[in-house]
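Participant: Given next are the chains, with one letter for each unit.
Number of protein chains: 2
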Amino acid sequence: MGRLTTLAAVAASLSAAAAQTFQRLGACPDLGCVLPPDQSDFLPGQYFDLRLEVHAPVNGSEAFNGGVPDDKFSVTIAKEGGEAKGVAEFFAIDEPKLETWDFKWYEDLFAQDAGTPSVVNVASRIYRKIALYEPGNYAVTLTYYDGQTTTANWVVRPLATKKKAKNVILFIGDGMTTNMITAARLLGHKSINGKYQSLLQMDQFPILGHQMTHSIDSFITDSANSASALYTGHKSTVNAMGVYVDSSPNFFDDPKVETLVEILKRTWDSAWGAVSTAAISDATPIALTGHSRSRYAYGSLVDQGLNSVTNYSWTNHGGPDVWFGGGAEQFNPGSGSYEGKDYYEAFANAGYDISLNKTSLLELGNSSKALGIFCQSHFPVWLDRNVFTDNLNTFKNDPHGTTSPALDLPGLKEMTLKAIDILHTRGGDKGFFLMSEGASIDKQMHALDYDRALGDLLELDDTVRATVAHLKAIGELESTLILVTADHGHGFDVYGGVDTQYLSSKPSDREKRRAVGTYEMSGLSQYTVPVDGVSYGTGPNFPVNWDPRYTLAQGFSANPDRRENFKVHKSPRKVVSSTPGFAKSDMFVDAKDSPDGFVVNGTLSVTESSGVHSLTDVAVFAMGPCQEMFSGVYGNVDVFYKMASCLGLARPDGKTPADPESGCGSKH
Amino acid sequence: MGRLTTLAAVAASLSAAAAQTFQRLGACPDLGCVLPPDQSDFLPGQYFDLRLEVHAPVNGSEAFNGGVPDDKFSVTIAKEGGEAKGVAEFFAIDEPKLETWDFKWYEDLFAQDAGTPSVVNVASRIYRKIALYEPGNYAVTLTYYDGQTTTANWVVRPLATKKKAKNVILFIGDGMTTNMITAARLLGHKSINGKYQSLLQMDQFPILGHQMTHSIDSFITDSANSASALYTGHKSTVNAMGVYVDSSPNFFDDPKVETLVEILKRTWDSAWGAVSTAAISDATPIALTGHSRSRYAYGSLVDQGLNSVTNYSWTNHGGPDVWFGGGAEQFNPGSGSYEGKDYYEAFANAGYDISLNKTSLLELGNSSKALGIFCQSHFPVWLDRNVFTDNLNTFKNDPHGTTSPALDLPGLKEMTLKAIDILHTRGGDKGFFLMSEGASIDKQMHALDYDRALGDLLELDDTVRATVAHLKAIGELESTLILVTADHGHGFDVYGGVDTQYLSSKPSDREKRRAVGTYEMSGLSQYTVPVDGVSYGTGPNFPVNWDPRYTLAQGFSANPDRRENFKVHKSPRKVVSSTPGFAKSDMFVDAKDSPDGFVVNGTLSVTESSGVHSLTDVAVFAMGPCQEMFSGVYGNVDVFYKMASCLGLARPDGKTPADPESGCGSKH
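First to last, the sequence lines map onto chains A and B.
Residues in the first sequence are numbered from 38 upward in steps of one, following the numbering used here.
Residues in the second sequence are numbered from 38 upward in steps of one, following the numbering used here.
It should be emphasised that the hints constitute simulated quantities derived from the structure, not laboratory data.
Among the hints, erroneous ones may be present.
Identical copies look the same in the list; a pair holds intra-copy or inter-copy alike.
No farther apart than 30 angstroms at their CA atoms in a straight line, the calculated lysine-lysine pairs in the BS3-like style are these [as the list claims (entries may be wrong)]:
#, residue 1, residue 2
1, K692, K467
2, K621, K543
3, K450, K611
4, K141, K543
5, K543, K611
Quantities reported herein were computed from a predicted structural model and do not represent experimental measurements.
In isolation and in its complexed conformation, chain A is listed as follows (with noise of 0.2 angstroms):
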């Protein structure tokens, strides 16, 4: 090993820039930002703001001037072969004032258990609502501290300016990956002697393509930031959406970019929705229209989901002309709804057909807006509302805001047909964009409850399957784009089989353990077999076996502590709790979860209640008009820049058709 001799000298030298469990601000190396950073991307024509950064380290590894910011720090901009402007004379805006503040942070996990944070001071300016219509490469250079400089090289790209599909649809299965579509199949499909006699939807589509998910200043990513990059074409950090994060105090405040369905209508005033089983102001739908560092900031992206942005001048998206999903206390009057208003009322002044039971989404017209709100937080999952439906009452969710249980509840599938009809209606000739998230995918993996996470990826199959009979049914099918994909993954897969009853027969968990067959004594999925006198009256495409004796042996990467005996959870998992005599924080195996399993511990923090997402590329299923752009693989932005090139939305000369506004934000 003589050539790493080196390598033990080398520890030493570690400077806070190769810190990574926590970061000063990402996207953000040096002591000047340029935000967006670095390496971006942008659609011509699209709206943006550019955020500049000068920091002032005032103890820690890089403490530096004193903790004097210099606010004397200047920006130019240049296309490539062109001369370099300042910012302002390039855009012809005017020069936005110096604002300052600071912030603190650690520098590792040893700096956060002594308590000695890093304070940093700022100084800052940001320039609003800009635009690069011609495509290029652009190179935008931050100097400060007496000759510094941090330069972000950006590309405008050369998209299509002419519309090749009418109508996109993006179905968003949440943290699902290849694995879990492999063990979804194998629950919901018969297979003889190794050939599907059925496959999935998704499985029948032309196209293929694998999304790399990562985060602009992490690997992994959470679902507001990778919907951000799917709708936006920028990525950004976890729990922000519409925004690079900026390390001002005000989580509303932080540099935008315009996203998909803003572009969309002020370029051809097309109709748009978002349908899905979470909450409607959960990161994957709220982010649409969402502009905020925090995901959290529920009642506000509401209210920007109805009325856009309103604390900056920015493009009006119109509200949505479909929304269905759960969240109903975002919009019942109280703590959770923005100013403590009443949603509901809200968008009915707006023009809107609420909707809040499945008996009045189906009768509802085409041809009004139409809001849906179902139950409260997000919706009970495909499993519990098909088979283990008692477990319906144990929810107090009820859309109006009681403590009553929300028991008339749409699916998926009842959602998403419904709103194709109101988008196909109200686009007309201007075609629409809908989203349609199967959302407890993720959270049911987090949850490390798997049949639930199956149950739900079969339901958006489904959706699938029944959003081409329909599009096909409506004569839109050959004007459609579709799309099936994902935001990130959970480690998951199926390593075998379990023989539950031997299982449960063993009285130690090492004995219990010799249950597991893999390979050949994997065997066969009883998941397709039909068992006599029992029907879940759930149809093709599903299980008709929940529960055999022999099921699959299901794992994760990545878990907290957890008992397993690899049966379906009739109840709601819940796999960890706070153990008295403990840190509150600290998790054990819940006792009354899986009694007759084993427990596996965790590799994960023991404050970490929940699986967490991992690294893995997401697939991608296209069909429709652009489908081959979508093979091969390529960055989550760049499903952004392939929709709306596809949407033909990229403005190189400033004019958008619809919006007599077009000329704002200077042409260059």
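Use these hints to put chain B onto chain A, whose structure you have.
Facilitator: For chain B alone, kept in the frame of chain A given last:
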């Protein structure tokens, strides 16, 4: 849960038909067995054997007919719309003789624990070396026990007879999942603000597909069976290749199916070869020519590789034009070689140039057939060959069979490029087929040694990159279909970053777990950050630092007990060992593995010493002629039919231009 009330009553009615941990005989759920079974596909003109078995269980839940099998069974075959004929008549061959035997199996784990096997008596016939030429649907019906029938529905696929690709190169990353590809990219390629500055070569292939890998009789496969599916278009059973598994005691009498290289040789007389970092007798390379239900019959399989099948009349594949790999045990005369013979001598006598080290490999001419065996067993991995090179001295793997280490080892890239030169020269206008395997992606994932596995994945990708460049240089890029795929998965994913310094510093297992940072605390990859004074000399597309303070949190959905510190293992990893005082088969963590780590207990039988394969679909990257055929989702057998179609291997008229004996096997 009203609709589930009948479920409890059902458990009692579970019969052997629901058994799956053990099976009486895979692909034979009835007492009559047809092999190839129901749902089999065929290339027009592909040779195969047809085995019929009638089972008479003596005891157990299926006991029947006093244990006397019906030896008066009959079998017919009918093309859809045509008349059913006796098989011997249909194929114009003699009726084969009746065979009888018995075998034992366990119905479940309880029966195994109790030592109460079920005994089955068998009557059987086998029709050898037959073929179906005319595309269409066929029904084979076995009639037995006075009117019971078992029907196998077969499809002879209507495939192309014209060559579209002159050459096919099939890269197999053994066990390589999308999750691993994503992780390897993060190790070897630098990203700035979420945008990769370089990509894997496979990322740049235009077409992506997913293949479903399961076995014919279990949903988890091994590498023999899955390789065989890729090479023959027929799924089989774990550990089998080139055959369907029958119940007879002989490992070399099972019904065979013709492989790609056998068909290619007799159809076009093309050159063919195999390259692997495994022993050349290992499943993935040897399944090109092997016909046995035991992948462990290494010596015999190597003999089949040189001499083709010799115990029955069968296609002569002519021997590989190139065979490069490990596995000297099967070549040095002794217990590992077939009949104790010297296979270096046998190959030399057959006209092969023999190379036993990298130096002589590079000096080989391109016009002779070549055998290169560079070590005993499998190759030391890329990380040991290139970074921790001192480890090479610890192997006793000299290709001459001594206990010296093999130190002059080529890499996968050198072997593959040399193989291409030889195949290109020898194939000439007739083209070539090459399989090149990155074998230890799988083998090191079994060992839970993710760094070694991912190093070999990067070596595979580096080989693909060099192959593309080399084909371009010799003018064969446009005429060569290049595929990069896998044979199965391992449940693996990355879920965060780890501060290994913090982990090591903490005294307890639970405290150590706090070192794992998830989401925004996963941070940025430190494997691509140069370290002053450290160079591994491994070039671009590999990590510049294999041992950073901040590593990746990597995990498995299934593992034996293990200790985990998330650091690169400078010596090859051994996670478990049997412990004095316990059953020898019981595995516990090895105290010498990752001593500063924490214990993660396993989710597999305690007798399992390594990780296991998983269910997930694996990716297929395609570039070149016919690339568009490889988009979407399909079975592993379809990879064979797509390659065969691209190579024009179908012979619906029974005429093979290269083989005057093409009339063998009647035409129908």
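Participant: Quick one: which hint numbers does this structure break? Sort them smallest to largest.
Facilitator: Checked against the structure, no hint fails, so every one of them is satisfied.
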